[in-house]
Amino acid sequence: MSLSILNTYESVATNDVKVWFKAAPISKFPKNGGACIKYKDKQIAIFNFTREGTWYACQNLCPHKMEMVLSRGMIGEDNMEPKVACPLHKNTFSLKTGENLNGSLDAIATYPVKIESDFVYVGFSE
Amino acid sequence: MKTILVVGNGMVGYKFCEKFVAKEESKQFKLIVFGEEPRPAYDRVHLSEFFENQDAKALEMAPAEWYAENGIDLIVDERVADINRTNKSITTAKDREFSYDYLVLATGSSAFVPPIKGVEKEGVFVYRTIEDLEGMLAYAAKLKAKNPNAKAAVLGGGLLGLEAGKAVMDMGLEPHIVEFAPKLMPRQLDSRSSQVLQLKLESIGLNIHLSKATNQILGDDGYITGMEFGEDDVLDVEMLVISAGIRPRDELGKNSGLEVGVRGGIVVDNKMQTSDSNIYAIGEIALYNQMIYGLVAPGYDMAGIAVEQIIGKTEALMPAAIDMSTKLKLIGVDVASFGEPFMPATKGHSIIFENKTQHLYKRINVSLDGKKLLGGILVGDASDYSMLHQIYLNGMPIPEDASQLILPASEGSAFGSAMDLPDDAVICSCEAVTKGNVCCSVLEDGNETMKSVAKATKATTGCGGCKPMVADLIKESLKTLGKTVKERLCEHFDYSRQELFDLAKLKGLTDYDTLLDEVGTGNGCEVCKPAVAAIFASLYNETANRQETIQDTNDRYLANIQRNGTYSVVPRVAGGEITPKQLMAIGRIAQKYDLYTKITGGQRIDMFGAKLHELPLIWEELIEEGFETGQAYGKSLRTVKSCVGSTWCRYGMDESVSFAVEIENRYKGIRSPHKFKGGVSGCIRECAEARGKDFGFIAVEGGWNVYVGGNGGATPKHALLLAEKVDKETAIKYVDRFIMFYIKTAQPLQRTAPWLEKLEGGITYLQNVVINDSLGINKDLDDEMQALVDSYVCEWKEAVETPEIRERYTHFVNSEETDNNIEFVSLRDQKMPKEWA
Ligand code: SRM
Ligand SMILES: Cc1cc2nc3c(=O)[nH]c(=O)nc-3n(C[C@H](O)[C@H](O)[C@H](O)COP(=O)(O)OP(=O)(O)OC[C@H]3O[C@@H](n4cnc5c(N)ncnc54)[C@H](O)[C@@H]3O)c2cc1C
Ligand code: SF4
Ligand code: FES
Chain W
1 MSLSILNTYE SVATNDVKVW FKAAPISKFP KNGGACIKYK DKQIAIFNFT
51 REGTWYACQN LCPHKMEMVL SRGMIGEDNM EPKVACPLHK NTFSLKTGEN
101 LNGSLDAIAT YPVKIESDFV YVGFSE
Chain D
1 MKTILVVGNG MVGYKFCEKF VAKEESKQFK LIVFGEEPRP AYDRVHLSEF
51 FENQDAKALE MAPAEWYAEN GIDLIVDERV ADINRTNKSI TTAKDREFSY
101 DYLVLATGSS AFVPPIKGVE KEGVFVYRTI EDLEGMLAYA AKLKAKNPNA
151 KAAVLGGGLL GLEAGKAVMD MGLEPHIVEF APKLMPRQLD SRSSQVLQLK
201 LESIGLNIHL SKATNQILGD DGYITGMEFG EDDVLDVEML VISAGIRPRD
251 ELGKNSGLEV GVRGGIVVDN KMQTSDSNIY AIGEIALYNQ MIYGLVAPGY
301 DMAGIAVEQI IGKTEALMPA AIDMSTKLKL IGVDVASFGE PFMPATKGHS
351 IIFENKTQHL YKRINVSLDG KKLLGGILVG DASDYSMLHQ IYLNGMPIPE
401 DASQLILPAS EGSAFGSAMD LPDDAVICSC EAVTKGNVCC SVLEDGNETM
451 KSVAKATKAT TGCGGCKPMV ADLIKESLKT LGKTVKERLC EHFDYSRQEL
501 FDLAKLKGLT DYDTLLDEVG TGNGCEVCKP AVAAIFASLY NETANRQETI
551 QDTNDRYLAN IQRNGTYSVV PRVAGGEITP KQLMAIGRIA QKYDLYTKIT
601 GGQRIDMFGA KLHELPLIWE ELIEEGFETG QAYGKSLRTV KSCVGSTWCR
651 YGMDESVSFA VEIENRYKGI RSPHKFKGGV SGCIRECAEA RGKDFGFIAV
701 EGGWNVYVGG NGGATPKHAL LLAEKVDKET AIKYVDRFIM FYIKTAQPLQ
751 RTAPWLEKLE GGITYLQNVV INDSLGINKD LDDEMQALVD SYVCEWKEAV
801 ETPEIRERYT HFVNSEETDN NIEFVSLRDQ KMPKEWA
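These protein sequence lines map, in sequence, to chains W and D. Residues 1 to 126, numbered by full-length UniProt numbering, are exactly what the first sequence covers, in order. Residues 1 to 837, numbered by full-length UniProt numbering, are exactly what the second sequence covers, in order.
So here's chain W without its partners, still in its complex pose (with noise of 0.2 Å):
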């Protein structure tokens, strides 16, 4: 069960965006935090990273203890790496790459943002 949930993730690359998927719009995401949208059976977390002027997207499952938390995790950054700590273990993730940075649990999936007329899209590739 846990790996059927897993395998619902998976990055998506800005070149294979099928679907611009319109989420919310940007004032339901705090100044450098995250908040959670669904989008088909996904839980996506969508982080509004106001110092760096950016907008990640992830899978909201953290894969240590397969919870659905990562959007209430804080953000920041590791060696100008940006990242997202889960706020269940701590265990912290690139936001970029989704790779864990602080451990060798498997990586996260990630998706592309993209922000027109104060609406956060999120790109899937179905």
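The reader is advised that the hints may include incorrect statements.
In silico EDC-like pairs for lysine to aspartate or glutamate, Cα to Cα no more than 20 Å straight-line [stated by the list, open to error]:
#1 Lys65(W) x Glu49(D)
#2 Lys90(W) x Glu491(D)
#3 Lys65(W) x Asp55(D)
If you want the footprint, here are the derived chain D segments under chain W, 3+ residues with CB under 8 Å [stated by the list, open to error]:
#4 536-550
#5 816-822
Restraint ranges, calculated between C-beta atoms of paired labels, are given here [as the list claims (entries may be wrong)]:
#6 Lys18(W) x Leu827(D): 40 to 50 Å
#7 Arg588(D) x Lys31(W): 37 to 47 Å
#8 Lys31(W) x Gly702(D): 48 to 58 Å
#9 Met832(D) x Lys31(W): 34 to 44 Å
#10 Ala138(D) x Glu99(W): 29 to 39 Å
#11 Glu81(W) x Ser277(D): 49 to 59 Å
#12 Thr449(D) x Glu116(W): 40 to 50 Å
#13 Ser815(D) x Lys18(W): 19 to 29 Å
#14 Glu116(W) x Val789(D): 45 to 55 Å
It should be emphasised that the hints constitute simulated quantities derived from the structure, not laboratory data. Every residue gets a Cβ at the ideal spot worked out from N, C-alpha and C, and that includes glycine.
Following the hints, put chain D with the ligands in place on chain W, whose structure we already have.
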């Protein structure tokens, strides 16, 4: 190009590769490594950690890519079956043939299974590989599903057996250790220390059976059901882990006619050469000085010698004497022995200190002239092990009264500093790193942190036992460079918490972003954000609601996150005093939202299993009933535990409940470097456990005794007496100042007990500050505390009444749906989170 084949990819086989590729000469060789296990070499010494997270990758010595990147062919899951010495080749179990110029045997050992009738039964395990552990975990889970009180035994009470015993205990089985000898750890301990260890282990729940020879393993249907030691002497167990010693895997040596020892092991000389000069043997397979050394450190040394020999540096030789000092790595149980632990009276004198009530035993053996330390045993407190071990290894002079080395904490230390050690003192024996290496890496190569020194020298990367000493050496070396050792918050702030506290105050900064721009660098992280949030809270008593994204999750949502991403709700119940009406209100609300309820260890009620969106709804109802947040989430005042006191109790000297309620309401909401707790007892029977708290009051004839710096939790400590027989107002004043002083000067996440321990001058100094005003800061402390007390607001009230804050409590921002990933199962008429499949 010559070819080296390494047979065995265990810890030592890996170390051979690592040391080999570091040599310039390695380019002239082709290296091929064979491992029989399905994965690259892993850290067997820390095998037990696999139980914690079942993360095999975390134990890897190096990932498979490392071998490829270094030009090594690694072939795993393929056993070498035969050596053909005449044409210098080997054949694998998959019938592939490889030729060699040099062959290195690093086949290690396997667990020794004594020939007891019935050992082949299901449920009997050994403790050596990741696969063994996986088997144990699966079997234990099955047992527990059938019988939650299932028992498991470990055969063997040596170092490894005790580790296995702790492991089965952690798996939730009732643990039994069965030992043939009349004492535990017979090879390392004398009988008195062994008895002390036994008491300690029994106190944490291990059952110990000594002088037991197992006749047969009993069973039913092929599964183990018990062990029989003699007529009518039976232990019912459903699982058994055998840890009765090791046997070298010398079959390749035997079959190809290499010289082997009578009891196994391939004979090597001090070049690590076997009886065939093209074949080397290293690690737990090598019989050196007629001995198999079952430890990694000598194995690593052997790997180094074999590398040197093969690349032609033939002057490198294995020393004749090998240090067998060891420290047991069971959490909470300190045991170590070094040098010669047992000492015949003709060779030296022993000094022994024993305190059975505290499970403490220390013995040192000193030369007849009283000048040299020859060895010793430490049980119960091995904190001085590294230093004693160094004194022994380096033959350093010892104090005239050698008993000072082990007597319990007299003022100051008999040891002096780690800097007194000679430069060639080996600090990290796993990686053979000397004091000189560590200091040089600081002084000459500019490494300033534990992390960078570890990376540069590899010190601390083995068993980790040398960490405290390496930390000392780094600190002292930096001092000689004129650098004070900075407690740096993280990569974004080059300041300690105390400095940052002062900076924020001085500059009047109130926003994380501005603080980072003005005195920090980069974009912050999960270490500095909550630390800064706590500083702002202490300075301005601002709640967690304003800058919510720099708070830890628990503060951000004003609730503790649980195992499955739901939250708990804990209203304040000051002093533990609660009316029947309030009890009913909690009952009604908990029932309405289907929450699991439990009385906490802090004398109040916790309601678990609330979904994010339910939190404001629940709190709205609680607030309506007159409750306030209990701050069970923040680094802030938790509870002030009370006993019933003179209001009801026939022994009570004063009203402890009233005092507890008053003081809990005084300090509620104050945020600090770590959480803090109080207790108030009505007499010295101490039913409120006030001396186990950060601050405590005990009513005595003539007033209140005030205690500070106590701790339960991971490192329990009794609070120390700050003032005696003072009236209530004075008691509060002293504790106000103590808390404020702590808030301003402690490290992030440092409780009052370790803070007080580190405070130079200790309790006497603190008394001088808060009672005699030796720093002249008492007025400030008083004012600052009063400001905090006066500005209290219930942050949950703030949250439910402010629409923008309430909006944060939703799982999805684009859908009304809730998190369908959360599932509950029932538990004794309530519910609990479902385990993940
Ligand atoms: C609920 C409770 C256990 C219970 O069912 O009784 C509890 C539950 C937790 N404790 Fe505790 N502790 C509880 C009483 C205690 C006590 C007993 C006491 O206060 O008298 C202690 C030992 C006393 C002490 O602190 O000195 C205690 C020592 C700890 C520690 C170790 C602190 C230390 O200094 O070593 C932690 C870990 C930490 O804070 O870093 C901890 C951390 C936790 C956390 C917050 C872990 C976490 O972050 O999720 C648990 C949260 C549960 C939740 O979601 O609500 N809890 N915890 C108790 C709540 C008391 C309350 O009403 O607020
Ligand atoms: C639970 C546990 C705790 C321990 N704790 C400590 C400790 O605290 N301190 C300490 O110093 N030591 C400790 N040890 C001992 C330490 O792990 C060993 O000394 C060390 O692993 C020996 O390394 P090695 O490479 O010689 O043997 P191993 O690590 O056993 O490696 C040998 C490898 O060779 C493989 N092999 C064997 N034959 C063949 C073949 N024919 N073909 C291919 N491959 C083959 C084996 O499968 C194995 O993978 C502990 C051991 C265990 C099991
Ligand atoms: S002791 Fe405290 S922290 Fe540990 S499991 Fe129990 S409640 Fe959680
Ligand atoms: S669940 Fe994310 S770190 Fe443990």
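How the hints compare with the structure:
no. : hint                              : in the structure
1   : Lys65(W) x Glu49(D)               : 17 Å, holds
2   : Lys90(W) x Glu491(D)              : 17 Å, holds
3   : Lys65(W) x Asp55(D)               : 12 Å, holds
4   : 536-550                           : holds (count 3)
5   : 816-822                           : holds (count 4)
6   : Lys18(W) x Leu827(D): 40 to 50 Å  : 45 Å, holds
7   : Arg588(D) x Lys31(W): 37 to 47 Å  : 39 Å, holds
8   : Lys31(W) x Gly702(D): 48 to 58 Å  : 57 Å, holds
9   : Met832(D) x Lys31(W): 34 to 44 Å  : 36 Å, holds
10  : Ala138(D) x Glu99(W): 29 to 39 Å  : 31 Å, holds
11  : Glu81(W) x Ser277(D): 49 to 59 Å  : 51 Å, holds
12  : Thr449(D) x Glu116(W): 40 to 50 Å : 45 Å, holds
13  : Ser815(D) x Lys18(W): 19 to 29 Å  : 21 Å, holds
14  : Glu116(W) x Val789(D): 45 to 55 Å : 50 Å, holds
In this structure, none of the earlier numbered hints is contradicted; all agree with it.
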